[in-house]
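Asker: Residues in the sequence shown are numbered consecutively from 376, following this note's numbering.
Hints are not guaranteed to be accurate.
Within a straight-line C-alpha distance of at most 25 Å, the following computed DSS-like cross-link-like pairs (lysine-lysine) qualify [what the hints assert, rightly or not]:
{"hint": "1", "residue 1": "Lys644", "residue 2": "Lys733"}
{"hint": "2", "residue 1": "Lys472", "residue 2": "Lys513"}
{"hint": "3", "residue 1": "Lys422", "residue 2": "Lys644"}
{"hint": "4", "residue 1": "Lys570", "residue 2": "Lys594"}
{"hint": "5", "residue 1": "Lys711", "residue 2": "Lys513"}
{"hint": "6", "residue 1": "Lys637", "residue 2": "Lys422"}
{"hint": "7", "residue 1": "Lys564", "residue 2": "Lys517"}
{"hint": "8", "residue 1": "Lys470", "residue 2": "Lys458"}
{"hint": "9", "residue 1": "Lys564", "residue 2": "Lys594"}
{"hint": "10", "residue 1": "Lys644", "residue 2": "Lys545"}
{"hint": "11", "residue 1": "Lys538", "residue 2": "Lys733"}
{"hint": "12", "residue 1": "Lys458", "residue 2": "Lys637"}
{"hint": "13", "residue 1": "Lys517", "residue 2": "Lys472"}
{"hint": "14", "residue 1": "Lys545", "residue 2": "Lys594"}
{"hint": "15", "residue 1": "Lys719", "residue 2": "Lys513"}
{"hint": "16", "residue 1": "Lys733", "residue 2": "Lys545"}
{"hint": "17", "residue 1": "Lys594", "residue 2": "Lys422"}
{"hint": "18", "residue 1": "Lys472", "residue 2": "Lys449"}
{"hint": "19", "residue 1": "Lys513", "residue 2": "Lys637"}
{"hint": "20", "residue 1": "Lys613", "residue 2": "Lys594"}
{"hint": "21", "residue 1": "Lys711", "residue 2": "Lys458"}
{"hint": "22", "residue 1": "Lys719", "residue 2": "Lys517"}
{"hint": "23", "residue 1": "Lys711", "residue 2": "Lys422"}
{"hint": "24", "residue 1": "Lys538", "residue 2": "Lys570"}
Think of the hints as simulated: they come from the structure by calculation, not from any bench.
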Amino acid sequence: MKKNKKLLIGIGIVALLGIVAVGIYNNRQQNDDNVIRIGAILPLTGKYADTGNSVVAGLDMAISSLNDGKTGAKIIVEYFDTKSEVKNAVLGYNKLKTMSNVNVFFTTLSDNSLALKASAIQGGDLLFCIASHADITKDNNKHVFRPINTGDDEAHFLSRYIKNSDTRNKIYFYIFNTEAGLAVERIFKQELGDKIIGINLYGDDYSTIRNVTTKATYKDADCIVVVGYSPTMGIIVKYLREAGYANEIIANLGFNNAATIKAAGGYAKGIWYNDYAFPYDSAEFRRRNMISMEKYHSEFTALSYIAYSCVHILERVISEVGYNPIAIGDILSNEKIYDVEGLKFTSHPDGSITSEYKMLQIQE
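Full structure from sequences and hints, please.
Answerer: Encoded structure:
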């Protein structure tokens, strides 16, 4: 009888533990329902750290503003540092997905984006790529989105800007030697034709850059255009100015980051570059830039604005259809204009989310 009593007590304890365990699990599931988890796979250290930290500034500020006083689901973001190595991107995706149950991801740089594309599609996740490679949204799948204009868009815009002047008749190009760089080279050749007197495809090997900038061809140019996305752009500008080139230098959006401007060694001032038509001269921008510099040691750039706005758009869609990657993907694959604090973003069926450009000049 005593044995049966002990057995019953033992069974009761096991059952009670089971009920408690289920309760804890259900409670955790319920808490998870009140959380929108974002995984950000970014270069936070290494040569592209400025780019990654600019995105962090935008994500963090957007999430902070949305969570402030929020009664519904809270948004949290978990970061993985690729250390500026593309081989670490998929590692970060797998870690955040399995350990943190993340289904919405952000990344930057084209190499990272293309490396993660297949994983996101296969995993049924959403991937927002703050990078300009057109193939990121090739063959729209409603899982991968590019909330940034392509290098092709930049090339078309810069070509129009160059042609809209009687003084830019002999153009010399320095273009970063990547697949994306070769694509924009073709566009420049098509749109500018005989205006181009030379094109130099450069890499990130600093030891060879001075040789690249001492070729005599560029000296006859009315204008030099530097296209890329790394501090090497700044080094090219520095060497060109030190070699005595005094005419106009134009760059693409990749020039506007602290590391590149620093690499130019004081010669960045006066450089014209294309940028997004964002309110950089507003008091709110200056406030965000100050916070970004203090907290992330990086400027609040166009990439920050894009990350900030993308989180707001995502939250808006989630409030409409719920935290359902398929439904979110369907909505974002429609042609629609989103207004985020006066900034206009247009989603397209191919998965791109675009905004307008303007030309700006480095002032210091």
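Asker: A separate judgement is required for each hint: does it hold in the structure or not?
Answerer: Do the hints match the structure? See the list:
Distance hint between Lys644 and Lys733 is fulfilled; the C-alpha atoms sit about 18 Å from each other, no more than 25 Å. Straight-line distance between C-alpha atoms of Lys472 and Lys513 comes to about 24 Å, which keeps the hinted pair within the 25 Å bound. The suggested pairing of Lys422 with Lys644 holds, with an alpha-carbon distance near 22 Å, which does not exceed 25 Å. A threshold of 25 Å between alpha carbons decides the hint, and for Lys570 with Lys594 the separation of about 15 Å falls inside it, so the pair holds.
For the given pair, Lys711 sits about 19 Å from Lys513 by alpha-carbon distance, which is consistent with the 25 Å threshold. Pair hint Lys637 plus Lys422 holds up; C-alpha atoms about 13 Å apart against a cutoff of 25 Å. Restraint check for Lys564 and Lys517: the C-alpha separation of about 33 Å exceeds 25 Å, so the hint is violated. The suggested pairing of Lys470 with Lys458 holds, with an alpha-carbon distance near 15 Å, which does not exceed 25 Å.
Distance restraint check for Lys564 and Lys594: the Cα-Cα separation of roughly 20 Å lies within the 25 Å cut-off, and the hinted pair is therefore satisfied. Straight-line distance between C-alpha atoms of Lys644 and Lys545 comes to about 22 Å, which keeps the hinted pair within the 25 Å bound. Proximity of Lys538 to Lys733 is assessed by CA-CA distance (about 15 Å); at most 25 Å being required, the pair is judged to hold. Annotation: proposed proximity of Lys458 to Lys637 holds, straight-line Cα distance about 21 Å (limit 25 Å).
This hinted pair checks out: Lys517 and Lys472 have alpha carbons roughly 19 Å apart, not beyond 25 Å. As the CA atoms of Lys545 and Lys594 are separated by approximately 10 Å, the hinted pair is consistent with the 25 Å bound. Between Lys719 and Lys513 the alpha-carbon distance is near 23 Å, which keeps this suggested pair within the 25 Å criterion. For the suggested pair Lys733 and Lys545, the alpha carbons sit about 23 Å apart, so the restraint of at most 25 Å is met.
Distance restraint check for Lys594 and Lys422: the Cα-Cα separation of roughly 30 Å exceeds the 25 Å cut-off, and the hinted pair is therefore not satisfied. Distance check on the hinted pair: Lys472 and Lys449 sit about 18 Å apart at the alpha-carbon level, within 25 Å; holds. Restraint check for Lys513 and Lys637: not satisfied, since their Cα atoms lie roughly 35 Å apart, outside the 25 Å limit. Between the alpha carbons of Lys613 and Lys594 the distance comes to roughly 15 Å, so the proposed pair stays at or under 25 Å and holds.
For the given pair, Lys711 sits about 35 Å from Lys458 by alpha-carbon distance, which is inconsistent with the 25 Å threshold. At roughly 21 Å between alpha-carbon atoms, Lys719 and Lys517 fall within 25 Å of each other, so this suggested pair holds. Distance hint between Lys711 and Lys422 is unfulfilled; the C-alpha atoms sit about 36 Å from each other, more than 25 Å. For the proposed pair Lys538 and Lys570, the alpha carbon gap of about 9 Å is at most 25 Å, so the pair holds.
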